[in-house]
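Engineer: Sequence:
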Amino acid sequence: MSKSRLHAKGCDSDMALNLFDPLVLETQFHPAFERVFRLSTPNERDVLNQWVEGFVDRDGKFVHEFQTTFDSSFWELYLFAVIKELGMQCDLAQTRPDFCVVSPQAFAVEAVVSLNAMGSPGAADRIVNECPLNLNEFNRKAMIRLLNSIHAKYRKFNDSYGKLDHVKGKPFVLAIAPFDQPKFQLQAQRAIEAVLYRYYVNEDSFLEADDGEEGPMPHDMQYVVKDSGACLPMGLFCDSRMSGISAVIQSTSGTWSKVTALSTEPDVIIDAIYENRRDGGMVAYRGPNAFYKEHLLDGLRVYHNPYADFPLAPGLFGRDHIFQATSNGVANLVPLCPATRLLVCRQSIRLPPGMMAQMLQGSFHNRSFWYSVDSALYRAYRKGRSC
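Residue numbers (this note's numbering): 1 to 387.
Mixed in with the good hints, there may be bad ones.
[Stated by the list, open to error] Computed cross-link-like contacts, DSS-like style, restricted to lysine-lysine with a CA-CA straight-line distance of at most 30 Å: (1) K156 - K183; (2) K84 - K156; (3) K183 - K170; (4) K61 - K163; (5) K61 - K153; (6) K226 - K153; (7) K153 - K183; (8) K293 - K156; (9) K61 - K156; (10) K84 - K226; (11) K183 - K293; (12) K226 - K170; (13) K153 - K168; (14) K183 - K168; (15) K163 - K183; (16) K156 - K168; (17) K170 - K156; (18) K84 - K163; (19) K170 - K293; (20) K183 - K61; (21) K168 - K61; (22) K226 - K168.
These aren't lab readings, by the way, just hints derived from the structure by calculation.
In this text the structure is predicted, and so the values were computed from the model without any measurement.
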């Protein structure tokens with residue numbers, strides 16, 4: 001992205017950030033950054049450096065936060081890469097919200113992550129049997145964390161962001177990523193669609209459907225119940241209570257595995273599943289990273305608020321990789337740009353150096369690692385928590 005496209009008024013975008021030059025003791029590293037610092041390869045760091053190109057550290061704390069808190073900083077870098085990929089002009093001279101897009105439509109973006117509750121394991125924690133045995137319970141926890149994060153940012157919008165001259169009268173977008181528990185990527189769209197539109201598919205009913213059946217219809221989820229027994233109202237976009245938020249950008253795949261999948265790193269196995277939301281059907285990939293092609297935008301979702309004071313134009317995110325939807329009532333989802341290649345979930349499995357070359361010697365010539373997935377196989381896939 002050229003400096004003119006970045007439109008960074010008054011900011012020096014020539015000063016590249018060195019994300020891996022330690023600013024703190026290694027004992028102060030965030031667990032996720034510690035693994036990235038120790039295990040990432042030059043191929044992967046090259047991808048991240050492309051994301052960073054043109055990024056402006058406006059408060060001088062970004063690298064420190066990247067090393068000590070990681071998740072929110074990494075998500076911000078991913079969003080910056082998305083903005084560049086979509087050809088948007090961004091005024092980086094504004095210090096808040098996170099991104100102030102000036103063209104082709106002016107709108108503001110605030111990045112936020114939902115994190116684990118105090119005392120509970122987070123996304124970077126390694127625990128025994130970390131795969132969720134009860135996906136409804138897994139989603140319940142995710143919904144609570146999402147609600148907390150969205151409500152906190154909306155208060156910030158009302159108290160601060162919404163009063164800024166460069167935000168007034170323009171769409172305001174929350175970009176949220178969940179890093180709230182191990183295997184957080186398994187929630188895919190389940191939790192966020194329930195939070196915004198009261199649109200929820202019961203996981204038990206879905207997984208227990210007979211072969212050949214598509215599974216149960218979504219139902220109206222009016223509340224999510226906290227551990228204390230308190231009920232939190234769902235459907236934030238089902239009325240005008242959050243009309244100041246024009247849309248929510250969400251992804252569960254904007255993770256370090258995205259960096260790995262976009263790299264040329266050879267000693268990695270990719271396990272991914274894609275959905276065609278327009279025509280139906282799924283495909284999965286399980287094989288070497290060298291034969292796998294993922295796009296930066298794969299897995300991105302944009303949910304529009306039908307009650308928004310200032311609507312966001314869907315055409316801004318009109319790429320085949322990006323799913324967009326709105327609603328015309330509770331427990332209702334109206335696709336705007338359905339996406340024929342929607343990444344549902346993906347994980348990368350790192351192998352010892354040189355192992356993949358040995359595995360590939362003459363074994364997989366002309367072989368495809370893609371295969372079709374019907375509804376029954378997807379349920380089995382999800383039951384096995386393969387992603």
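Engineer: All hints, please: hold or fail.
Structural biologist: Comparing the hints with the structure gives:
1. K156 - K183: 29 Å, holds
2. K84 - K156: Measuring from Cα to Cα gives roughly 26 Å; hence the hint holds.
3. K183 - K170: Judged against 30 Å, a Cα distance of about 36 Å means the pair is violated.
4. K61 - K163: 25 Å, holds
5. K61 - K153: 20 Å, holds
6. K226 - K153: Distance of about 20 Å is within 30 Å: holds.
7. K153 - K183: With a Cα-Cα distance of about 24 Å, the restraint between K153 and K183 holds, given a limit of 30 Å.
8. K293 - K156: 39 Å, violated
9. K61 - K156: 20 Å, holds
10. K84 - K226: 39 Å, violated
11. K183 - K293: Answer holds: K183 to K293 is near 22 Å, not above 30 Å.
12. K226 - K170: 34 Å, violated
13. K153 - K168: 16 Å, holds
14. K183 - K168: With Cα atoms ~38 Å apart, K183 and K168 exceed 30 Å; violated.
15. K163 - K183: Since the Cα atoms of K163 and K183 sit roughly 38 Å apart, the hinted pair is violated (cutoff 30 Å).
16. K156 - K168: At roughly 14 Å apart (the allowed maximum being 30 Å), K168 and K156 satisfy the hint.
17. K170 - K156: 16 Å, holds
18. K84 - K163: Distance ~27 Å between K84 and K163 Cα, so the pair holds.
19. K170 - K293: 36 Å, violated
20. K183 - K61: Between K183 and K61 the Cα gap is close to 29 Å, so the pair holds against 30 Å.
21. K168 - K61: With a Cα-Cα distance of about 27 Å, the restraint between K168 and K61 holds, given a limit of 30 Å.
22. K226 - K168: Roughly 35 Å separates the two Cα atoms, so the pair is violated.
The earlier numbered hints that this structure contradicts are 3, 8, 10, 12, 14, 15, 19 and 22.
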